[in-house]
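Just so you know, the protein sequences line up as chains R and H, in that order.
The numbering used here applies: residue 6 is where the first sequence begins, and numbers increase by one.
The numbering used here applies: residue 2 is where the second sequence begins, and numbers increase by one.
Do not rely on the hints blindly, as some may be mistaken.
To be verified - A few chain R residues that face chain H, going by a derived Cβ cut-off under 10 Å, partial list only: (1) F49; (2) C50; (3) A53; (4) R110.
Just so you know, the hints here were simulated from the structure itself, not pulled from any lab data.
Only a predicted model underlies this, so the values are computations on that prediction, with no experimental measurement involved.
Ideal Cβ placement from N, Cα and C applies to all residues, glycine included.
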Amino acid sequence: MSNPLTPGIAAGRLSADEIAENFADLHAPLDMHEARVAADRCYFCYDAPCVTACPTEIDIPLFIRQIANGQPESAGRTILNQNILGGMCARVCPTEDLCEGACVREAAEGKPVQIGRLQRHATDSVMARQGHPFDRAPATGKRVAVVGAGPAGLACAHRLAMRGHDIVLYDAKDKPGGLNEFGIAAYKSTDDFAAREVDWLCQIGGIELKPGHALGRDITLDGLKAEFDAVFVGVGLGGVNDLDAPGAERDGVQDAVGFIAALRQADDLTKLPVGRNVVVIGGGMTAVDASVQSKLLGAENVTIAYRRGKDRMGASEFEQDLATSKGVRIICNAQPVAIHGNGAAAEIELEYTADDGSGLKGTGETLRLPADQVFKAIGQTLTFEGLALDGRKIAVTGAGRTSVEGVWAGGDCTPGDDLTVVAVAEGRDAAEDIHATLMGVAAPETGAVIGEAARA
Amino acid sequence: MADLTTDFVGIKSPNPFWLASAPPTDKEYNVRRAFEAGWGGVVWKTLGAEGPPVVNVNGPRYGAIWGADRRLLGLNNIELITDRPLEVNLEEMARVKSDYPDRALIASIMVPCEESAWKAILPRVMETGADGIELNFGCPHGMAERGMGSAVGQVPEYIEMVTRWCKQYYDRPVIVKLTPNITDIRKPAQAAKNGGADAVSLINTINSITSVNLDTMSPEPSIDGKGSHGGYCGPAVKPIAMNMVAEIARDPETHGLPISGIGGITTWRDAAEFMSLGAGNVQVCTAAMTYGFRIVEEMKAGLSAWMDEKGYASVAEVVGRAVPNVTDWQYLNLNYVTKARISQDDCIKCGRCFAACEDTSHQAIAMSPDRTFTVIDEECVACNLCVDVCPVENCITMEELPKGAVDPRTGKTVGDYANWTTHPNNPAAQAAE
Numbered sequence: 006m007s008n009p010l011t012p013g014i015a016a017g018r019l020s021a022d023e024i025a026e027n028f029a030d031l032h033a034p035l036d037m038h039e040a041r042v043a044a045d046r047c048y049f050c051y052d053a054p055c056v057t058a059c060p061t062e063i064d065i066p067l068f069i070r071q072i073a074n075g076q077p078e079s080a081g082r083t084i085l086n087q088n089i090l091g092g093m094c095a096r097v098c099p100t101e102d103l104c105e106g107a108c109v110r111e112a113a114e115g116k117p118v119q120i121g122r123l124q125r126h127a128t129d130s131v132m133a134r135q136g137h138p139f140d141r142a143p144a145t146g147k148r149v150a151v152v153g154a155g156p157a158g159l160a161c162a163h164r165l166a167m168r169g170h171d172i173v174l175y176d177a178k179d180k181p182g183g184l185n186e187f188g189i190a191a192y193k194s195t196d197d198f199a200a201r202e203v204d205w206l207c208q209i210g211g212i213e214l215k216p217g218h219a220l221g222r223d224i225t226l227d228g229l230k231a232e233f234d235a236v237f238v239g240v241g242l243g244g245v246n247d248l249d250a251p252g253a254e255r256d257g258v259q260d261a262v263g264f265i266a267a268l269r270q271a272d273d274l275t276k277l278p279v280g281r282n283v284v285v286i287g288g289g290m291t292a293v294d295a296s297v298q299s300k301l302l303g304a305e306n307v308t309i310a311y312r313r314g315k316d317r318m319g320a321s322e323f324e325q326d327l328a329t330s331k332g333v334r335i336i337c338n339a340q341p342v343a344i345h346g347n348g349a350a351a352e353i354e355l356e357y358t359a360d361d362g363s364g365l366k367g368t369g370e371t372l373r374l375p376a377d378q379v380f381k382a383i384g385q386t387l388t389f390e391g392l393a394l395d396g397r398k399i400a401v402t403g404a405g406r407t408s409v410e411g412v413w414a415g416g417d418c419t420p421g422d423d424l425t426v427v428a429v430a431e432g433r434d435a436a437e438d439i440h441a442t443l444m445g446v447a448a449p450e451t452g453a454v455i456g457e458a459a460r461a
Numbered sequence: 002m003a004d005l006t007t008d009f010v011g012i013k014s015p016n017p018f019w020l021a022s023a024p025p026t027d028k029e030y031n032v033r034r035a036f037e038a039g040w041g042g043v044v045w046k047t048l049g050a051e052g053p054p055v056v057n058v059n060g061p062r063y064g065a066i067w068g069a070d071r072r073l074l075g076l077n078n079i080e081l082i083t084d085r086p087l088e089v090n091l092e093e094m095a096r097v098k099s100d101y102p103d104r105a106l107i108a109s110i111m112v113p114c115e116e117s118a119w120k121a122i123l124p125r126v127m128e129t130g131a132d133g134i135e136l137n138f139g140c141p142h143g144m145a146e147r148g149m150g151s152a153v154g155q156v157p158e159y160i161e162m163v164t165r166w167c168k169q170y171y172d173r174p175v176i177v178k179l180t181p182n183i184t185d186i187r188k189p190a191q192a193a194k195n196g197g198a199d200a201v202s203l204i205n206t207i208n209s210i211t212s213v214n215l216d217t218m219s220p221e222p223s224i225d226g227k228g229s230h231g232g233y234c235g236p237a238v239k240p241i242a243m244n245m246v247a248e249i250a251r252d253p254e255t256h257g258l259p260i261s262g263i264g265g266i267t268t269w270r271d272a273a274e275f276m277s278l279g280a281g282n283v284q285v286c287t288a289a290m291t292y293g294f295r296i297v298e299e300m301k302a303g304l305s306a307w308m309d310e311k312g313y314a315s316v317a318e319v320v321g322r323a324v325p326n327v328t329d330w331q332y333l334n335l336n337y338v339t340k341a342r343i344s345q346d347d348c349i350k351c352g353r354c355f356a357a358c359e360d361t362s363h364q365a366i367a368m369s370p371d372r373t374f375t376v377i378d379e380e381c382v383a384c385n386l387c388v389d390v391c392p393v394e395n396c397i398t399m400e401e402l403p404k405g406a407v408d409p410r411t412g413k414t415v416g417d418y419a420n421w422t423t424h425p426n427n428p429a430a431q432a433a434e
């Protein structure tokens, strides 16, 4: 049995009980009483700022009022109408940057209505009952290929199935869910929620799931275009950026994405090895997820090293606070210059940075940290070819139309914030556009309709 | 420190806060604890005639409505008068009064509307040393079905008659407790005065059904699937009670008749408001039932601090101060023009003022794309709805247009006081003299 002080990379640093406690639900669900109390605080704002701040424009005041008045399942439907992955979004959305950040009670008292947790209460209520709450429109005879069973693909497939189309949903991995399944910290998606949500979503019918089909390996865009009436590409970002520093090839240096995925898929976390001294390179959500989970697995020292200032970190303030509260040290303005060791990594050398306005530069001053495990969390890249790009992502116009007619795209592989909720909105809106195009009808309104007139 | 000592129709108490006749005052144990907690007086739970006492239901006695955070706003009850033997109550009252001679102890009484019944009970109450009696002509449930309580209070002739008997057979102060379940509260007050009452107390509870169980289709509180209307009380009834108090205070026929104010009093401010409208003291029940006896501490300290701040040396100086300002609509100044003003510093941009004005009122608030809300003076009729729906106190205020200014809505210059009685649109208008 190892412990947090065991040198090197080792499994079983903590007992099974400690691991279970560490990886329990980050935000336990609100019970009925808590939900009523939390819902009481909503002011039912006009043209509510929280709705505007939500990429899927969920009618938040309405669903909270439904909870307050004793109908959490109706509240759940209000959410799922706009966002079929409302359950996952309730768990992973950076609400402090979105709905809760815009809440007028944040302005009034520094304490927003707990929109995320109320959303979870409502969506849990709906999903706990038997049966799927949406019906399919009469069959249209149209077939659509959706490539990528992550948030964008799932949202797209569900909306298309609801409109009466038949969907084949491909995914390169052997399991659907995309980042919901492989890329989110375990304490945000407990009890196999990602997989349960996919099963629940597919209960609408008309979605044929084909895992183990990678675009470019098992299927091609041309082949799909020939076989289907339309194609949606939601393949995410399959590659990871490499670390350009001497020693980056040493044992113990690995992708944070791979570590997070392995952790999510592990049956027994006491068997998952982690370093005694872990350093995570990067400043986004992936860096936080990797660092916090390393700590929760029993690493003694975990450090996030980010090359820019704190204000530039991609991870939200809540995530940063979460990391530090778990004992993770965050070093800003420091970039890796070398990884030292005798074979395997043993130390990382960081150089402080400064930006005098002409770009980020090393100051020449360095520090060394023990590091037997180094996680790279410095961004993911698109690994797909065949569509025109906008920078390093697939170029789209309107509701996800790509450079190729009949092919739509959305999610992390297209421009915009790499958030689950953004991917859902893009998948949903592309689905409506595909439906409108295939059927020769006007695309239905998907955004919130309240307040439109006032904003116009 | 302001003097909270109160002399109400000759009954002295160290402060104006009495506990109303109700469940909290049903027995010696409670009343002793109330006095220890600092209450100035107690109106003992209503006594009935000698003989087997009334019985209460054995299921729930209360129903309620709540505000945000389940704050109790209104309570209703179907409890009857004391269900303990008369003798037990009288013995306890005598003991408590002798142990707390400085506190007011009032006996509430409800016996059949027959002279003999009153004649029989009054001497026995007298023996307890109680400071006075309160005639329960208000209880609206149960006892009213038997010709007592509000069944008496709704017939001014009965009020006068019974009051007269009491004054005849009892030589201490007689307070008549009025029911609000009547069209014009001035009539029973006049009757009480005519019968010789020393004071009236009001309001008793209001007929109410607080909720319906939608599964069983039974009103609450439900007794085996059936419900009966109860008596409504608590903060929700305060506005109704204050209007009735003021009506009696400003009616020439009853002006000056001492009033004990009752109805939703929860804080020192509530008490001060009742007293300003003419109540010589106040009686509290629901607030004590909700929070316990200790609330009286805040009430006493708050009233005293406010009186000090305002320079009122005694409770008597407060009583009736607002009565001259209670008037009829026809005398309100139609040349008093105000406009809503929204403090942008305080605004949290919820937009409730906009929704209220735009959807339901005068379209007098503009909303910019960045959610800045401003009042359109040309449309603002000064209704105050925006102030009332705004969640931030004092964020929206009403600003008075000075005399000589032009109201952008009407294009008219703000002039001197003028009311409906002289307004040209009034068919019955008389030329101003």
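Hint check results:
| no. | hint | in the structure |
| --- | --- | --- |
| 1 | F49 | holds, 7 Å |
| 2 | C50 | holds, 4 Å |
| 3 | A53 | holds, 8 Å |
| 4 | R110 | holds, 7 Å |
Comparing the model with each earlier hint shows no violations; every hint is respected.
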